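Peer 1: Each chain is listed here by its residues.
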Amino acid sequence: MTRIQYNKSINQTLRQLMKKDDRVFLIGQGITSPWYVGCTTTGLLSEFGSNRVIDTPVSENGITGVAIGAALAGMRPVLLFPRMDFMHYAMDQLINHAGSWHYMFGGQLNVPLTVWTIINRGGEQAAQHSQSLQAMFTHIPGLKVVMPSSAYDAKGLLNSAVEDDGPVIYIDDRWLYESEDDVPEELFNVPIGEGALRRNGKDVTIAATSYMVGEVIKAADSLADEGIETEVIDMRSVKPLDKDILINSVKKTGRFIVVDASWPSSGIGAEVSSIVGNEAFKYLKTPIMRVSLPDSPAPASSSLEGVYYPTSKTIISKIRELVS
Amino acid sequence: MTERTVHLSLNQLQAMYKSMLRIRLFEEKVGDLVRKNEIICPCHLYIGQEAIATGVCAALRTDDYVFSTHRSHGHYIAKGCNLDALMAELYGKVTGCSKGRGGSMHLSFPEMGFIGSSAIVAGSIPLAVGAALSFSIRKTDNVSVAFFGDGATNEGVWYESLNFAALKKLPIVFVCENNLYSTHVHISDHLADTDIRKKAEIFRIPGIQVDGNDVTEVFKVAKKAVDTARQGEGPTLIECMTYRWRGHVGPNDDLNTGLRSKEELAFWKEKGPIKRLEKKLLDNNFLSKSEMLSIRSEIEKEVDESLKFAKNSPFPQEESLLDYVFKVS
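Those protein sequence lines, which keep their order, are chains A and B.
The working numbering puts the first residue of the first sequence at -11, with every later residue one more than the last.
The working numbering puts the first residue of the second sequence at 430, with every later residue one more than the last.
A couple of the hints might just be wrong.
If the Cβ cut is set under 8 Å, some of the chain B residues that face chain A in the computed set are [unchecked claim]:
hint, residue
1, Arg530
2, His535
3, Ala557
4, Gly559
5, Arg633
6, Ile637
7, Lys756
Quick caveat, the hints were computed from the structure, so don't treat them as lab data.
Quantities reported herein were computed from a predicted structural model and do not represent experimental measurements.
Heads up, the beta-carbon is just placed ideally off N, CA and C, and yes, glycines get one too.
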């Protein structure tokens, strides 16, 4: 184990994956641009060459199709979207092609594609450079969606995504890039579809994704002083979802909040709430609650961003509402 | 004997004739079966365009890749894929080439290099470019082919794909089958400049227009493009001028809808690809009338066999509905 920053963990993982497996290559707009991808690709171009580290024209749909085609031909591309917002251009290829190809041809062909994308919120970047679109992708059959919350999970999930025989949407929150964690030097797997218990508690269960896991832990720590014990689950995979870990926790606490920093309508919170409501109804003492973004595009001004993005404070007030 | 036929052996010409006739007779049978409601899935028939799939695929090796469209039967047959599995797929049977999950618009046969067909217009073009990129990264000498129609050249992804393939000099051939109609819309109503071939110039790749109803011409142009790609000299755009005899989808000829005139259809039928090859074969004494008839009856038998196979095959089990959503490793 080495103490390492999240972005450096990604850099190390990509280097190791490309060394280990010559089917792995990186492709995407901005892949060789240091400021675009938070130093995650530093040094890879000089080490592996432009044949395997391919910066592309700004042609999101076309390049996504190219990555899918290469995957169909036996490669294991890692396709980068430096801002999640740019993925809208690629929806046809991701949904109609990547998500469907294995099913549509009766299992004869598969798309071992990793789509690596970054939520780049904050910094007054406004509506078209700040989006968190995980829910849209969980809606699509055939796509898996993972969201690490630490440098450790980033490495384990990225490795699992690349080793997966189907398309996986791997989502980073840019706010995690400077966080540190103890990470094994060698490659390892965090299995896709397994959540993780981050904190034990008896009063309320909170399931969270990505950066919000840290905010939830902050909230839980501060409420522990008041005698409220919060159980924290890091979902890690939003599709497939680890239902068991959620339901088992709710059995114990009887209260449930889901925290995901994306839009509420038909979102991750809605899906998770429905599962918990259906499968753990008899254990619930209070209604299920969710913490999300407001149902609005992201603003630019810092003063508005301050109220737009939920924080540990938002979560504390939700917990108090529920436990009081 | 003309100069160009010198490059084609008698065997090659006969094989092309068989391939074109196999497509024609299969499609005519499918049209009848659609009329009788025997086949339910939407079928976009290839009748009239047989020379293009045949001429292009004759220039390919088995391990070269083909990516196709909603009008995919002709490409599938010309690439040498199994006829029984095709008919079974149209019947939604588990023995179909896509195990009853794809239907007419989603055919695949990986062992013959047929990597699938997309029913999203232009959708499979970047996939073909991606396969070519993988050949280029791995330094193999395979070639990838993207088939698409004139309508696909309206899609942004067409430009994106040609630009990237040209930029990286990838081993791919873009084959546009210009049949003059994008669904029900005539080309003059959907392209500001209908000269598709010329658009290759903006990507600095060769653009060649060819009589898509002359299989020997298509083969000659395709062979050169495939060889160029295989030698690492980059992509070619081939625009094949042709005409589909039936409507956009289904067996009808659209004459009663006012979408096109009787005269227009008659003009193109006169220029039909099979009729022209038959004349060439007869004029050059490559095949006699009776040899042609025996080839025809052989293929009719193949088509009948495929129908028997399809009808006798089981449907997919209901419990298998969710198979293949995710690949089980």
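Peer 1: Give a verdict on every hint.
Peer 2: Okay, the hints, checked on the actual structure:
no.	hint	result
1	Arg530	holds, 5 Å
2	His535	holds, 5 Å
3	Ala557	holds, 6 Å
4	Gly559	holds, 2 Å
5	Arg633	violated, 14 Å
6	Ile637	violated, 23 Å
7	Lys756	holds, 4 Å
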